[in-house]
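Model the full assembly from the supplied sequences, consistent with the hints where possible.
2 protein chains.
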Amino acid sequence: MRIVLIGAGNVATHFGRKLMEVGEQVIQVFSRNRLKALQLAKELEAAATNDFAEINTDADLYILAVHDDAIGEIAAQLAENGITDKLIVHTSGATPMRVFEAASTLKRVGVFYPLQTFSKIRKPDFQKIPICIEARQEDDLTILLNLAHNLSNKVYHINDEQRASLHLAAVFVNNFTNHLFAIGEKIQTDSGLHFEMLLPLIHETVAKLTEGPPAVMQTGPAIRHDEATILRHLHLLSGQPTLQEIYQIMTKSIQQTL
Amino acid sequence: MRIVLIGAGNVATHFGRKLMEVGEQVIQVFSRNRLKALQLAKELEAAATNDFAEINTDADLYILAVHDDAIGEIAAQLAENGITDKLIVHTSGATPMRVFEAASTLKRVGVFYPLQTFSKIRKPDFQKIPICIEARQEDDLTILLNLAHNLSNKVYHINDEQRASLHLAAVFVNNFTNHLFAIGEKIQTDSGLHFEMLLPLIHETVAKLTEGPPAVMQTGPAIRHDEATILRHLHLLSGQPTLQEIYQIMTKSIQQTL
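Chains as they are written, first to last, in the working numbering: chain G, 4 to 261; chain R, 4 to 261.
One thing to keep in mind: the hints can contain errors.
Partial list, computed: chain G residues near chain R (C-beta under 10 Å) [unchecked claim]:
| no. | residue |
| --- | --- |
| 1 | LEU41 |
| 2 | LEU212 |
| 3 | ALA218 |
Note that these hints are calculated values from the structure, not bench results.
We put the beta carbon where it would ideally sit given N, CA and C, even for glycine.
Structure, rendered in structure tokens:
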């Protein structure tokens, strides 16, 4: 497939590299940031532009790997450029299909959402990344399914509501979990200890997920209703009201049946 | 060393196995639950008892791997049995050294705290488990340091205050993190999706810890101040006030500087 990549951030970069690796052809990279467009385009042996009017109108697929806020606007721009009979997808977990409704002349729209957190440095193992797809038209769904299977072993066809829930779940298990790690680091540093001490425990916490459902595997003072330890911990968090609040609500939530 | 193991739960079991593996001699297992004492003792080729009066008075080391609440009482019992010149340690992260003060005739006391979550099923990689030790007397500290180095590559001499902080940090990165996974599972199940979809994301969340401090690596709607997504997520959690509270306080905490 001949693909135009809209965006040059982490998602666009990792998608572009993987597409190239599996033999798909990224023909052009668009980014408002000309330098970023040029850099990624060079790596992908593609053309680069930061001018909407110069976006290639003859690709098979347009992948909008941009900020959620920008998707509607860029889709409208593509429609304005006359790209109305080509397949256009966004890569956002948080954005419903109706984002494309503003550009009402677009008929072939869909979603190509990789459920992963991308960073500049780490090369993701794409084969293991769940790719969640959706398309307004049946034929396009087939096209996206085939493409997704080329990139990953885990392809899911899920609807808008499911994708929204999935994105919410991802916030809990990724963003909020990372913040708990940040809190752990702060507590360690405040008492003159290294965060690294906690890594074996963190690794085991995740490894245990293979043993059974996390709710069943819950341990610690909250589930034991160990009030003495809970009070001691809240006392240790004196002067840090937000951390006390987190401790209390997490403890309450653990003690409730989910 | 000739060791008496007080307790037959997960910590006692995994300690006992590892001690045997490295050639230390567990001579007796005590548990109030006679059957559990017998089971573990058999595995460790040790004697078993559920009678305080029968605890061997001539061991080099007594390891109290019991519930936090029971430590003081058992220490007092050992003192009453005349075991006052032997080294006695507990394995609790949450319990300060002063737990031994009730048994004032005990002079040689200490802590041998493995920073890990143990379960019946999984065999822990003991070499990687941080062991945090403390002792009232200098000589005993040396004994515990030597023993700990036989079991693990990661041995730390930390005081009561540090151990209390460490235990608190462990609650955040282990117990609370596991609860976030349980919430993720609930959200998935509620929308007809499998928890397993989230595993690659969870693995990456942890793998990224090698890249930089978690606070610096934070991603997601909270750190981006993406109010539209935050509101959509809170709406998705309608009717689940505790989860809404968790979402809000975690978002607020991420947006504050830790």
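Comparing the hints with the structure gives:
1. A distance limit of 10 Å between C-beta atoms decides the matter here; for G/LEU41 the minimum to chain R is near 26 Å, and the interface restraint is violated.
2. This hint holds: G/LEU212 has a C-beta 6 Å from the nearest C-beta of chain R, less than the 10 Å allowed.
3. With a cut of 10 Å, the hint placing G/ALA218 at the interface with chain R holds, because the nearest CB-to-CB distance is about 4 Å.
Checked against the numbered hints above, the structure breaks only hint 1 and satisfies the rest.
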